[in-house]
Amino acid sequence: MTQTNPTAAAGLRELISFRIGAQEFCVDIMAVREIRGWTAATALPQSPPFVRGVINLRGAVLPIVDLAARLGFESSEPSDRNVIIVAQIGEQVVGLLVDAVSDILTVTDDVIQPTPDVASDTAKTFVRGLLAIDGRMISLIGLERVLPDLELEAA
Amino acid sequence: MDPLAAIRETFFQECEEQLAELESGLLAMEAGDTDPETINAVFRAVHSIKGGAGAFSLEALVRFAHVFETALDEMRSGRLAATDVVLKTLLRAADVLADHVRAAHDGSAVDEAHTAELAEELKALDPNGATAGEESGGEEDWGDFEFKPMSVDVPAAPAGPSGWQVRFKPRADLYAKANEAALLLRELGRLGETAVELDTSGLPALTDLDPEAAYLAWTVTVTGDVDEAQVREVFEFVDGDCELEMTPLTTAEDGEAPAAPVEDPGETLDIGALLARVQAVADPPSPQQVSPAAPAPAAAATPEPSSPPDGQGQPRKPEAGATIRVDLERVDRLIDLVGELVINQAMLSQRVMEAGFARASGVAMGLDELEQLTREIQDSVMAIRAQPVKSVFQRMPRLVREVAAMTGKPVRLITDGEGTEVDKTVIERLADPLTHMIRNAIDHGLESPEKRAEAGKPAEGVVRLTAAHRSGRIVIEVADDGGGINRERVKSIAIEKGLVAPDAALSDEEIDNLIFMPGFSTASEVSDISGRGVGMDVVRRSIQALGGRITISSRPGKGSTFTMSLPLTLAVLDGMVVSVQGQTLVAPITAIVETLLPKAGDVHSLGGSARVIAIRDTYVPLIDVGQALGYRAGPMDATQGVALLIEGEGGARAALLVDAIQGQRQVVIKSLEANYRQVPGVAAATILGDGRVALILDIDTIVAVSRGADSLRAEKRLAATG
Numbered sequence: 001m002t003q004t005n006p007t008a009a010a011g012l013r014e015l016i017s018f019r020i021g022a023q024e025f026c027v028d029i030m031a032v033r034e035i036r037g038w039t040a041a042t043a044l045p046q047s048p049p050f051v052r053g054v055i056n057l058r059g060a061v062l063p064i065v066d067l068a069a070r071l072g073f074e075s076s077e078p079s080d081r082n083v084i085i086v087a088q089i090g091e092q093v094v095g096l097l098v099d100a101v102s103d104i105l106t107v108t109d110d111v112i113q114p115t116p117d118v119a120s121d122t123a124k125t126f127v128r129g130l131l132a133i134d135g136r137m138i139s140l141i142g143l144e145r146v147l148p149d150l151e152l153e154a155a
Numbered sequence: 001m002d003p004l005a006a007i008r009e010t011f012f013q014e015c016e017e018q019l020a021e022l023e024s025g026l027l028a029m030e031a032g033d034t035d036p037e038t039i040n041a042v043f044r045a046v047h048s049i050k051g052g053a054g055a056f057s058l059e060a061l062v063r064f065a066h067v068f069e070t071a072l073d074e075m076r077s078g079r080l081a082a083t084d085v086v087l088k089t090l091l092r093a094a095d096v097l098a099d100h101v102r103a104a105h106d107g108s109a110v111d112e113a114h115t116a117e118l119a120e121e122l123k124a125l126d127p128n129g130a131t132a133g134e135e136s137g138g139e140e141d142w143g144d145f146e147f148k149p150m151s152v153d154v155p156a157a158p159a160g161p162s163g164w165q166v167r168f169k170p171r172a173d174l175y176a177k178a179n180e181a182a183l184l185l186r187e188l189g190r191l192g193e194t195a196v197e198l199d200t201s202g203l204p205a206l207t208d209l210d211p212e213a214a215y216l217a218w219t220v221t222v223t224g225d226v227d228e229a230q231v232r233e234v235f236e237f238v239d240g241d242c243e244l245e246m247t248p249l250t251t252a253e254d255g256e257a258p259a260a261p262v263e264d265p266g267e268t269l270d271i272g273a274l275l276a277r278v279q280a281v282a283d284p285p286s287p288q289q290v291s292p293a294a295p296a297p298a299a300a301a302t303p304e305p306s307s308p309p310d311g312q313g314q315p316r317k318p319e320a321g322a323t324i325r326v327d328l329e330r331v332d333r334l335i336d337l338v339g340e341l342v343i344n345q346a347m348l349s350q351r352v353m354e355a356g357f358a359r360a361s362g363v364a365m366g367l368d369e370l371e372q373l374t375r376e377i378q379d380s381v382m383a384i385r386a387q388p389v390k391s392v393f394q395r396m397p398r399l400v401r402e403v404a405a406m407t408g409k410p411v412r413l414i415t416d417g418e419g420t421e422v423d424k425t426v427i428e429r430l431a432d433p434l435t436h437m438i439r440n441a442i443d444h445g446l447e448s449p450e451k452r453a454e455a456g457k458p459a460e461g462v463v464r465l466t467a468a469h470r471s472g473r474i475v476i477e478v479a480d481d482g483g484g485i486n487r488e489r490v491k492s493i494a495i496e497k498g499l500v501a502p503d504a505a506l507s508d509e510e511i512d513n514l515i516f517m518p519g520f521s522t523a524s525e526v527s528d529i530s531g532r533g534v535g536m537d538v539v540r541r542s543i544q545a546l547g548g549r550i551t552i553s554s555r556p557g558k559g560s561t562f563t564m565s566l567p568l569t570l571a572v573l574d575g576m577v578v579s580v581q582g583q584t585l586v587a588p589i590t591a592i593v594e595t596l597l598p599k600a601g602d603v604h605s606l607g608g609s610a611r612v613i614a615i616r617d618t619y620v621p622l623i624d625v626g627q628a629l630g631y632r633a634g635p636m637d638a639t640q641g642v643a644l645l646i647e648g649e650g651g652a653r654a655a656l657l658v659d660a661i662q663g664q665r666q667v668v669i670k671s672l673e674a675n676y677r678q679v680p681g682v683a684a685a686t687i688l689g690d691g692r693v694a695l696i697l698d699i700d701t702i703v704a705v706s707r708g709a710d711s712l713r714a715e716k717r718l719a720a721t722g
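Each protein sequence line maps, in turn, to chains A and B.
This note's numbering puts the first residue of the first sequence at 1, with every later residue one more than the last.
This note's numbering puts the first residue of the second sequence at 1, with every later residue one more than the last.
If you're looking for bench data, these hints aren't it; they were derived computationally from the structure.
Quick caveat, the model's predicted, so the values are computed rather than measured.
Using N, Cα and C, we set each Cβ at its ideal position, and we do this for glycine too.
Take the hints with a grain of salt, since some may be wrong.
What the hints assert, rightly or not - The calculated label-pair distances, taken between Cβ atoms and stated as ranges, are:
1) 30(A) - 663(B): 18 to 24 Å
2) 91(A) - 331(B): 17 to 23 Å
3) 72(A) - 6(B): 43 to 49 Å
4) 402(B) - 148(A): 31 to 37 Å
5) 541(B) - 12(A): 53 to 59 Å
6) 85(B) - 91(A): 27 to 33 Å
7) 108(A) - 375(B): 42 to 48 Å
8) 617(B) - 33(A): 38 to 44 Å
9) 33(A) - 619(B): 39 to 45 Å
10) 324(B) - 33(A): 57 to 63 Å
11) 609(B) - 148(A): 22 to 28 Å
12) 379(B) - 33(A): 31 to 37 Å
13) 425(B) - 117(A): 40 to 46 Å
14) 425(B) - 108(A): 36 to 42 Å
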């Protein structure tokens, strides 16, 4: 409690890190509204494969994005062990399906290294930077483009 | 918003209410209501608008309101008879007044010539010429609007009788509303010389005295140059809360009138104080303030052989009831939350059943009660949003007057069921289609006066607008007593415009329904009023968008009736819950005509994946919902499923093939777009009793797409690029 306010004041950032397969990722904690267990989603017709469907979050209809599929990894059928990170993206609230939440990281901006120039479009679209924590590589994910984009699909 | 702007906004809101009051009062008078209270209400409405407008320096509005008020005052005092012609003028003046209010509100322009014309007409109504018109431009009493009666002090008016004898008996309600008899008597005293006599005959023995009842009556003789209106004005704000009897004094009586006051108003205050003391002793816990519970003892106290009420005592206007203005968002939030509560309660019940509690156990019974309570809460919350259709019906008389004037057809509008309640959103979206339909009824439905005379009908056409609740929906009818639909002509126009094949054999009903086809308009020449070719198909579409249906029935020579059936709310929908390939979907019941089990012999392939099903000798396309939504790759065996025969936009029929029907249910509509986006083929989502999301089918898209393309993909691409 005494830690949070001073950290924010000192230009520190808090990130939530999570696992997808063997990879580790993190997002800004300010975007995260809650974390909940997996519940079966209602499939949406004609939706991209990474949209798992919609669930009921206390009365709101919440789309679930399979982050593994979205980031171009192999995804498997979710089970009770999976976790949904409920995140606020702009005006919308979206559930992100991940394997497990691992940690809360408090870092300064200079710890975040710029994304190296790679050919992957996915990396360019989503990865905002890399962190090296205890010898593990954690990619910082930007959520703005997580939801399917109508214009891009039509093209 | 700065405070003044907020007050101004409130003023305009009140103006709307006053205008509505004005119009309904005038219409009641037109229908033969002679209750003086109605005239008073009409007068007060205009007076309040004038007063408020004065406070905001809305010159044009004040000027017109003043002329209007003067004419009404003449009527109130009985010098102007409420004839048909007069009322027609007053109604048109009410329209102009409404225009002025709107102009003052949003700064739009007013038709000056029209205003001047009506102002002249109003002045011409005044039997005394323009006498009353020039009481210093009406500036004398702006200050008094909406306030206590004591500031009214009108300069002497034309000579009336030389005095009045006023018998005044307050009811308990008068005191309950914090009015005070002594103040009214004092006010009377300002009009002229007064003699006051207190009548204590109604006063019971002290032991029987009800401290909150009213027992006293006064007879006041006012001498001097006072007219009736002035006296009435003193009692204006206690109207209906007292018995009031006024008799003019002849000059002969005048001599004996100034007899010494038997009782002074001051005396009455002592009695008031005495009552208070009695109350304090007899009934210590209740505060001295008269509570709203007073009417009960009052009712017991009034039936005494006192003077019969002269019109003042007629059925009192229902009290304005305590109302509050609430932000719609808050109500919607509450409705959302209650929706959650219902779902949660359903989930809980299911869990308890699963846990193996007996039905007779305390837990299960408690849950049953909870279920009842939640249903009741849901109904009450929905009722908050419900409003009487009056607000939209009220706009129609004006429309009728305008269209009647433009077409030269005398029309009488009869409305019924204005009190029928329906969701506010439905009401708002009802105004446009209703406007269209009423215009149509007058312009196309009613014949010209000459033709009516030929047919032996009264020259004045009748348009009837009614609303009623019927089996959980609201049914609104627009009926005219015109010539009915000219089926020959409708059919030939439809053929001419290529809407139907020239050799098509159509039933009368089918011909009638042609007028709902896009691009159909029977007006031989495009008029101002209707006939822009966007008539009834637009009406039909907006009704369907509200989840409603519209039908027409017409009898040649007798007229046509349009019947709209609408859901009471847009927040919930009556749905048919079906399963398709393991998914639970909801189809809106309004679209479903019937359900049937397809037999192998009825289903025919038209090549490719296209199939049709024979339903009583007609073939309609059979759409596999699972395939259309992409839940399964190949078509399912039609004989294994259930077909829903549906009627979509424009009356096109199709059969939707689903795996099974689970049942009918009322579902709460949830938006998909809020957190995601529109999904082709899906209108919205809902949450079922098990807490899972189910999708509500967008039947029109599914039908349209399956007609044009193999799957929804094409439509989606179209939507994306378009």
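To see whether the hints hold, each was checked on the structure:
no.	hint	verdict
1	30(A) - 663(B): 18 to 24 Å	violated, 44 Å
2	91(A) - 331(B): 17 to 23 Å	holds, 22 Å
3	72(A) - 6(B): 43 to 49 Å	violated, 56 Å
4	402(B) - 148(A): 31 to 37 Å	violated, 50 Å
5	541(B) - 12(A): 53 to 59 Å	holds, 57 Å
6	85(B) - 91(A): 27 to 33 Å	violated, 59 Å
7	108(A) - 375(B): 42 to 48 Å	violated, 56 Å
8	617(B) - 33(A): 38 to 44 Å	violated, 58 Å
9	33(A) - 619(B): 39 to 45 Å	violated, 52 Å
10	324(B) - 33(A): 57 to 63 Å	violated, 33 Å
11	609(B) - 148(A): 22 to 28 Å	holds, 27 Å
12	379(B) - 33(A): 31 to 37 Å	holds, 32 Å
13	425(B) - 117(A): 40 to 46 Å	violated, 53 Å
14	425(B) - 108(A): 36 to 42 Å	violated, 51 Å
Hints 1, 3, 4, 6, 7, 8, 9, 10, 13, 14 from the earlier list are contradicted by this structure; the remaining hints agree with it.
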